[in-house]
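**Q** Chains Z and P are the protein sequences, given in the same order. If you count the first sequence from 1, position 475 lands on 475 in the working numbering, and the numbers rise without skipping. If you count the second sequence from 1, position 237 lands on 237 in the working numbering, and the numbers rise without skipping.
One should not assume that every hint holds.
[Said to hold, decoys possible] Straight line, CA to CA, 30 Å or less: simulated DSSO-like cross-link-like pairs of lysine-lysine:
{"no.": "1", "chain 1": "P", "residue 1": "237", "chain 2": "Z", "residue 2": "404"}
{"no.": "2", "chain 1": "Z", "residue 1": "283", "chain 2": "Z", "residue 2": "330"}
{"no.": "3", "chain 1": "Z", "residue 1": "376", "chain 2": "P", "residue 2": "66"}
{"no.": "4", "chain 1": "Z", "residue 1": "314", "chain 2": "Z", "residue 2": "376"}
{"no.": "5", "chain 1": "Z", "residue 1": "541", "chain 2": "Z", "residue 2": "474"}
{"no.": "6", "chain 1": "Z", "residue 1": "404", "chain 2": "Z", "residue 2": "302"}
Think of the hints as simulated: they come from the structure by calculation, not from any bench. Every value quoted in this text rests on a predicted model; they were computed, and no experiment measured them.
So you can see what is in the structure, the chains are spelled out below.
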Amino acid sequence: MPMMATAADITVKATVDQQRVALQEQFTLSVEISGSDANRVGDPKLPSMESFAAYAGVSTSQSIQIINGRMSVSRTYNYAFIATMVGKHEIGPVTVEYKGEKFSSQPVTIEIVQQGTQPSQPQQRGQTTTPTTEGADLSGALFIKAQVDRRRVFQNEPVVVSYKIYTSVTVSSYGISQLPNFAGFWAEDFPLPQQPRTTQEVIDGQRFLVAEIKKVALFPQSVGKKILEPLKIECDVQVQNRRRRNDIFDSFFDDPFMSRTVRRAVASSPVEIEVESLPDVGKPADFSGAVGNYEISATLDKSSVKTNEAVTLKVVIRGAGNLRMLSAPKLDLPPDFETYDPKIDQSIKYDNNRVSGSKAFEYVLVPRSPGDIEIKPVRLSFFEPRSGTYKTVSTSPLTLSVAKGSEEFVAVGGGLSKEDVRLIGQDIRFIATAPLPFHRIGEAFHNSPIFYAMVISPVFALGLTLLYRRHQEKLSANVAYARQRQAGRVAGKHLRTARALIGKQDSKAFYAEAQRALMSFIGNKLNIAEAGLVMDELAAKLEERNVPKDVIVDYVQCLQTCDLKRFAPGEATTQEMHEFIEQAGRALEKMERVL
Amino acid sequence: MKRILTFLILFIRPAFADEASTLFKQGSSFYEAGQYAEAVAAYEQILAKGLENWQVYYNLGNAYFKQRQLGRAVLNYEKARALNPDNEDIRFNLDLANLSVIDRIPVPPRSPVVVWLDAAVHAISLQLAAILTAALWVVLFSILIVRALSSRGVMERLGRRLLWPSLAAWALVAIVFGWQLYEKSNYRHGIVLAPRVVVTSAPAEDATEVFTLHEGVRVQLETVSGNYQRIRLADGKVGWMPHEALGQI
Numbered sequence: 001m002p003m004m005a006t007a008a009d010i011t012v013k014a015t016v017d018q019q020r021v022a023l024q025e026q027f028t029l030s031v032e033i034s035g036s037d038a039n040r041v042g043d044p045k046l047p048s049m050e051s052f053a054a055y056a057g058v059s060t061s062q063s064i065q066i067i068n069g070r071m072s073v074s075r076t077y078n079y080a081f082i083a084t085m086v087g088k089h090e091i092g093p094v095t096v097e098y099k100g101e102k103f104s105s106q107p108v109t110i111e112i113v114q115q116g117t118q119p120s121q122p123q124q125r126g127q128t129t130t131p132t133t134e135g136a137d138l139s140g141a142l143f144i145k146a147q148v149d150r151r152r153v154f155q156n157e158p159v160v161v162s163y164k165i166y167t168s169v170t171v172s173s174y175g176i177s178q179l180p181n182f183a184g185f186w187a188e189d190f191p192l193p194q195q196p197r198t199t200q201e202v203i204d205g206q207r208f209l210v211a212e213i214k215k216v217a218l219f220p221q222s223v224g225k226k227i228l229e230p231l232k233i234e235c236d237v238q239v240q241n242r243r244r245r246n247d248i249f250d251s252f253f254d255d256p257f258m259s260r261t262v263r264r265a266v267a268s269s270p271v272e273i274e275v276e277s278l279p280d281v282g283k284p285a286d287f288s289g290a291v292g293n294y295e296i297s298a299t300l301d302k303s304s305v306k307t308n309e310a311v312t313l314k315v316v317i318r319g320a321g322n323l324r325m326l327s328a329p330k331l332d333l334p335p336d337f338e339t340y341d342p343k344i345d346q347s348i349k350y351d352n353n354r355v356s357g358s359k360a361f362e363y364v365l366v367p368r369s370p371g372d373i374e375i376k377p378v379r380l381s382f383f384e385p386r387s388g389t390y391k392t393v394s395t396s397p398l399t400l401s402v403a404k405g406s407e408e409f410v411a412v413g414g415g416l417s418k419e420d421v422r423l424i425g426q427d428i429r430f431i432a433t434a435p436l437p438f439h440r441i442g443e444a445f446h447n448s449p450i451f452y453a454m455v456i457s458p459v460f461a462l463g464l465t466l467l468y469r470r471h472q473e474k475l476s477a478n479v480a481y482a483r484q485r486q487a488g489r490v491a492g493k494h495l496r497t498a499r500a501l502i503g504k505q506d507s508k509a510f511y512a513e514a515q516r517a518l519m520s521f522i523g524n525k526l527n528i529a530e531a532g533l534v535m536d537e538l539a540a541k542l543e544e545r546n547v548p549k550d551v552i553v554d555y556v557q558c559l560q561t562c563d564l565k566r567f568a569p570g571e572a573t574t575q576e577m578h579e580f581i582e583q584a585g586r587a588l589e590k591m592e593r594v595l
Numbered sequence: 001m002k003r004i005l006t007f008l009i010l011f012i013r014p015a016f017a018d019e020a021s022t023l024f025k026q027g028s029s030f031y032e033a034g035q036y037a038e039a040v041a042a043y044e045q046i047l048a049k050g051l052e053n054w055q056v057y058y059n060l061g062n063a064y065f066k067q068r069q070l071g072r073a074v075l076n077y078e079k080a081r082a083l084n085p086d087n088e089d090i091r092f093n094l095d096l097a098n099l100s101v102i103d104r105i106p107v108p109p110r111s112p113v114v115v116w117l118d119a120a121v122h123a124i125s126l127q128l129a130a131i132l133t134a135a136l137w138v139v140l141f142s143i144l145i146v147r148a149l150s151s152r153g154v155m156e157r158l159g160r161r162l163l164w165p166s167l168a169a170w171a172l173v174a175i176v177f178g179w180q181l182y183e184k185s186n187y188r189h190g191i192v193l194a195p196r197v198v199v200t201s202a203p204a205e206d207a208t209e210v211f212t213l214h215e216g217v218r219v220q221l222e223t224v225s226g227n228y229q230r231i232r233l234a235d236g237k238v239g240w241m242p243h244e245a246l247g248q249i
């Protein structure tokens, strides 16, 4: 029976799933808010329904549709109620508020009838097992209890909720029709056997068969008052002939021979849990949300390793608490280790309202430098709810001896930029200790005298060698040059011989020798044969060489004196010979200067 | 001959060398004992005497590094490297010290040819290049002299065969030597010694700040104006900074 309330672009629609409902049965009031702004309106306000129904819980759902580019959102609130009062009741308008405006739905009516008077189907009689919802009032004989192990917990401290069916009738089958969504909790189901184990319990003198159908550990994620929604199940209940079976309670059914199957919906009542925040007092800096009671241990798979070889560090956390939520502990390793993300392995046991087990973190470490390396204790800080305090446990320190591997360790890669290079915490290399020669600051080989000497002296040496070689070549290749170079020496030799002859009183030989000296000099200098040299010819040749006249005259005069004295009769005096040799020497000297 | 003798005496200098060796040993034992300030003092005394070698600079760099004087550590490592470019320890410690330098100056990418040429030129030290240049020069001239003196015979044939190879070898080392000498005299470098220094756009106190540099950065030194030094970074940024905040390599 949809009732519409339209205003602006928000529509509120209230419906009930059944118009007639039996007493103690559950019904759902659905409030659908739709329109483009539907997801921004607040929770709907329900009219007072306490007089005829008990609130059992709420669930919400939302759907978004985009049609022709227009988005429409619809939010549905499903309120579960248990009918408590017989009669026809009106559920007043449901209102929502949006931007100060009120939108309300049309009222809906619901009829609550006595149990068994609700004829939804013709009664099935005979050997049928088709379930019916019709039947006796089983409210006292079939119900679900939600049991929690505690109602006040700390954040992340588990609450174990167990849902149990209590029945004094035969339940042939059941199915969970609505699971509570444990919003605000991290839920972990306890594994239960496929076929629930049943126990017996006596409540108020009535014997009940009890079966645990769901057990869950809830780790509250936020602080505050939480309400656990009811769990709803549908059961097929067999109501049997009391004569055929001596049942423990009086059957309400008349049929003496047949058993009937009746379908019943039952819901647990909501449970309220108070979640406290963890105290700030004494909270360790490295606390990361572990709550429970833990111990920690660490092992290395080998105690000695070579550089660049992998070693596994296994850190195991054992205990009870929110193990699944534990993050990998931070390792405080020397920087010359390369680490990789740990491999996580957890095994969790559920027994006796406890979630416990172990979580193992396997870190692969690759040492980069040799030495005995201490791995500092791995710490875990957690909150222990029992004592209400924080505790820290740590592993014992481990030592790893790293031998030098075959691969050479390169701390600073050549081609890497500064940011790429990982500082490997390695120290500088040790000082140089070897004794060594010192030299003056700034003194370098290239500005030392020896360097200049080495550069300049070969050039001089080569120059001298070349000059010498040129001289040798001239000597061997040129006769004229050779004679010219020898002229002075040859003339001098003849003059010395002549001087020696002065004392021997042989004036003829003396003059001949002197003449030879004078003639050979000219012959050698001018490179001409001296044998056939006539006086005039000689004077002409000298004049050609631009020899001054007076020098030629002196020279020629000496030669004429020689000729004269050689062929003149009688001996020349020693005095004469001395004078002549001086004269000839002077003439030669003058000639040498100009030739 | 007399020149060579004086040169050798300059290099040996027994009295000076003894004193310097003593100081060096003192510095080293201070260093080993962890007394780095005393080690620095001992090594600096050697330098104050006007004597040096790469080990003094290297050890000094280490002692400064241990005292967390990054700028001076880098400066001395650079000086040591200038004297002994091939030493692995110097390079290692210099690289390590440079990792702690705050400023990261991106070096513009160079073409592989330039990189190769640079590496080839710096494959040998300046000293070795000078020795080789001088020695090959002497060899080259010896060959020429032998050739000039003997016009035929074994020596002449040998000389003729060796002339061109030795000329080529000499030309190669001479180019390397000349290049390095040119670089050394035209591209001077310095290290920032002050923990933080503001580089300005002009050599004046009230000039605009261009950028800031931190201890240990290597800069190229250009011209000087008053108390200010014009510097150039590897990425081409130019500015002026106070002279006393720098140490020349």
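**Q** Determine for every hint whether it applies to the structure shown.
**A** Right, here's what the structure says about each hint:
1. Simply put, residue 237 of chain P and residue 404 of chain Z have alpha-carbon atoms about 44 Å apart, too far for the 30 Å limit, and the pair is violated.
2. Of the pairs offered as hints, the one joining residue 283 of chain Z and residue 330 of chain Z holds, with about 17 Å between alpha carbons and a cut-off of 30 Å not exceeded.
3. Using a Cα cut-off of 30 Å, the hinted pair residue 376 of chain Z and residue 66 of chain P holds, with the two alpha carbons roughly 26 Å apart.
4. Using a Cα cut-off of 30 Å, the hinted pair residue 314 of chain Z and residue 376 of chain Z holds, with the two alpha carbons roughly 14 Å apart.
5. At roughly 24 Å between alpha-carbon atoms, residue 541 of chain Z and residue 474 of chain Z fall within 30 Å of each other, so this suggested pair holds.
6. A hinted pair counts as satisfied when its Cα atoms are at most 30 Å apart, and residue 404 of chain Z with residue 302 of chain Z qualifies at roughly 16 Å.
Of the numbered hints listed earlier, the single one contradicted by the structure is hint 1.
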